[in-house]
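Participant: In case you want the letters, here they are:
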Amino acid sequence: MSDAQRARYVALFAAEARTLLALGRRTVATWQREPDEPAHGAELFRVLHTIKGMAASLAFEELADQVHEGETALARVREGERTADAAWFADAEHLLDALTVRCEAEIVREGGPAAAASTAALGAARGGEVVRVEQGRLDALVADLGGLVTARQELERRAAADAISPVARAALAMARRLDVVQERILQVRMAPLSEILERIPPLVRDLARQLGKEVTIDVQGEALEVDRGILSLLPDPLLHLLRNAVDHGIESPEVRRAAGKRAAGRITLVARHDRDAILVELTDDGGGIDREAIAARERAAGRLDASATLSDDGLLAILARPGFSTAATLTDVSGRGVGLDAVLSRLHQVGASLSLSTVPGRGTAFTLRLPMRLGIVRALVAGVGGERYVLPLTHVAELIAWDPTEAHQVEGRLMLPVREERVPVLDLRRLLGHRGSPPPTHRPAILLEANGQRVALLSDRILGQVDAVVQPVDRPKGMPRWITGATVLDDGRPALMLDLASVV
Amino acid sequence: MAQRILICDDAIFMRTMIADILTGAGYEVAGEAESGLQAVERYKALAPDLVTMDIVMPDMGGIDAVKAIIAHDPNAKILMCSAMGQQQLVVEAVQAGAKDFVVKPFQPARVIEAVQRLLG
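Here the protein sequences line up with chains A and B, keeping their order. Going by the working numbering, the residue at position 41 of the first sequence is 41; the numbering climbs one at a time, nothing skipped. If you want the working numbering, it's the position in the second sequence, counting the first as 1, plus 504.
Everything labelled a hint here was simulated from the structure, so no lab data went into it. Be aware that a few hints might be false.
Output of the computed footprint for chain B on chain A, the stretches with three or more beta carbons under 8 Å from beta carbons of chain B [said to hold, decoys possible]: (1) 1-13; (2) 34-47; (3) 52-66.
Since the model is a prediction, treat every value here as computed from it, not as a measurement. Cβ coordinates follow ideal geometry from the N, Cα and C atoms, glycine included.
This is chain A alone, in the form it adopts within the complex:
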């Protein structure tokens, strides 16, 4: 078989093996509740058998052998030679975990889709007939849709000036229908988080076994959907953070018992909606990150003032630095793979952000804030001087009208009281180097929230919300990284897109 053909088979294997392993796990769980139902054994056999066939076809011999042993053990139960007791079910779960790890290793070795497979969603579980579509075709569809959305905004603007003419009414009617089409097309690109999250528990359990830790993992919110382009960026950062949580976060059972904790550490991975974003929170109840040790090291290296302390945000910036390691020596598990800096820069490019909170002795929580969509984003249009800028709603918490007399200088920074809290103020004019016309007296503030921090961003005017079609911009040297792209507004003029998560 040719290389291209093999790559295609590996991609199919990746998608199908993952779906089958997830099905296998669900089957074992149900079987445990209904031990007398032979259909569950038959289903598990089909899962193993199908994986074996695929593995053998791709000459993944060790994997095929491992599945075959599993089949043999299962056959003994199905033929009544052995009872499916608790120990057997534990072995079955262990086998599925081990197979998951081996499958992922084979996929990575082949350079296959380590991330969400483009051909995933093969599962029949979600009802209806499932078809496979090449990712490139979906991307092209969204790109074309972008042009159409821009044209439609222009049409709507012109129609609004002449709302009673029949042509204008027809144009507006068409625009409304296009709304529906746009929604449906973007839906096609959406995939459930379960495609990634379902694969996490076995990997974590396997890691824990390798490291002699006891860990339980709980995953919630798998049904939420995000754009496939975002989904495919998730495995690397999640695995990176999980490896660190198991390796450095969760203490050994002895240490935990001595600290009055349960011997088994607990990791939770919870996804939920927050405004126009999806939050993925990864929490461990381990020892927390040793802030003082890291601060001491930074001071020794002259990177931190002797009197300064490290905030969670400052800590994250250090953790993300290329080549950073908290452990005195790298373990085999967390020492390998790409660094946090690399995985984060890819996430920042799509407008995602990461925040950290850690408490000594209690554990660490990382929160990933992800946009739900790529290509076309809901955004706020803000005016500064004569220019307009669009800000994706991912990090916009709320708009506040404020009175300049309410703001106070605190340690040289302008702070604005927002309910119980004081929030630092950033001026878009200053950020953008805007000179010329003086600012209006009343300036709306946009409350941004990212990386666990909040900032009030002053603009001159808020001009409304749009569905912005994101277009990449040429990036001359020195262009701030929070300028993430450009879009064309309804009057046909371009506007820069600002994603200010990184300045918050």
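Once you have looked at the hints, place chain B on chain A.
Facilitator: Just chain B, lined up with the frame of chain A:
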């Protein structure tokens, strides 16, 4: 006109691989089925010249599907696709009316040879 083949397997991976082998040899894929029930339905709807049939499938396995297809069309040409270690099931399938079998992992030449022999 190219002869038309119905591919029955619950794994897209396997269906793709078989389809590649068959179309590479000039055959036409009449359709695909991912369960035994679907195989029987599609056989009736598509009247293909030949069927490749996996054994382990959900919603009626391959052997029961062979029985149902032969009951509908005693002259149906069915090629079983089995994994290693399923000799007993292959024998059962042949008794039910399957004409030949190939073993996974597939050797393309072996598959083509079996198909050519059945289609004459």
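Participant: Hint by hint, which ones does this structure get wrong, listed from lowest number up?
Facilitator: none
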